[in-house]
Amino acid sequence: MVWETNVDPTYISPVSELMNIDGKIRFVCMDDHSFTAQMMEINAESGAITMIGSMQVNYPLAAHYSPETNSLIIASYDGIAYNTVITGYDTSLNISFQLSTPTNKDFSYDIFQHLKKQRAPFPFFIHSFNYSGINYYALMPSLIIHYPYFSFSITPQ
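full-length UniProt numbering puts the first residue of the sequence shown at 1, with every later residue one more than the last.
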């Protein structure tokens, strides 16, 4: 299937990963006015793109859907506090957790240039996996948070 469609110019800076969530093709982008992350859905028949929900975080950088946990994680940037924010969602876009870590503020300008597509993009990446009942998450690149990668785990309640 090949089609081409124009997206409302209000929605900018899509993160790189298309996700198959409950049999639907979805991706995350940013609203050009509010800078909030938006979940978009692509109609596989027509190619039409529809906004299905706002995600209550600003400046999305990366997204990952885990079919094992049926959850979505978004890496975003808080340009006021200079934090990288990792937010977990269920498939109805309800927040399940939110963590933040300080970001090297020297890179704030570069992050905004990345979001505005005015420079070569950073290869932002976030991923999750489950090992022995614990969900682990990894976020890259290293220049943003002073480590080769940032990883953390959340033990189910």
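In short, the hints are calculated from the structure, not lab data.
It cannot be assumed that every hint is accurate.
Said to hold, decoys possible - Result set (EDC-like, lysine to aspartate or glutamate): computed pairs, CA atoms no more than 20 Å apart in a straight line: (1) K105 / D90; (2) K116 / D106; (3) K116 / D90; (4) K116 / D78.
### Violating hint indices (sorted, rising)
1 and 3
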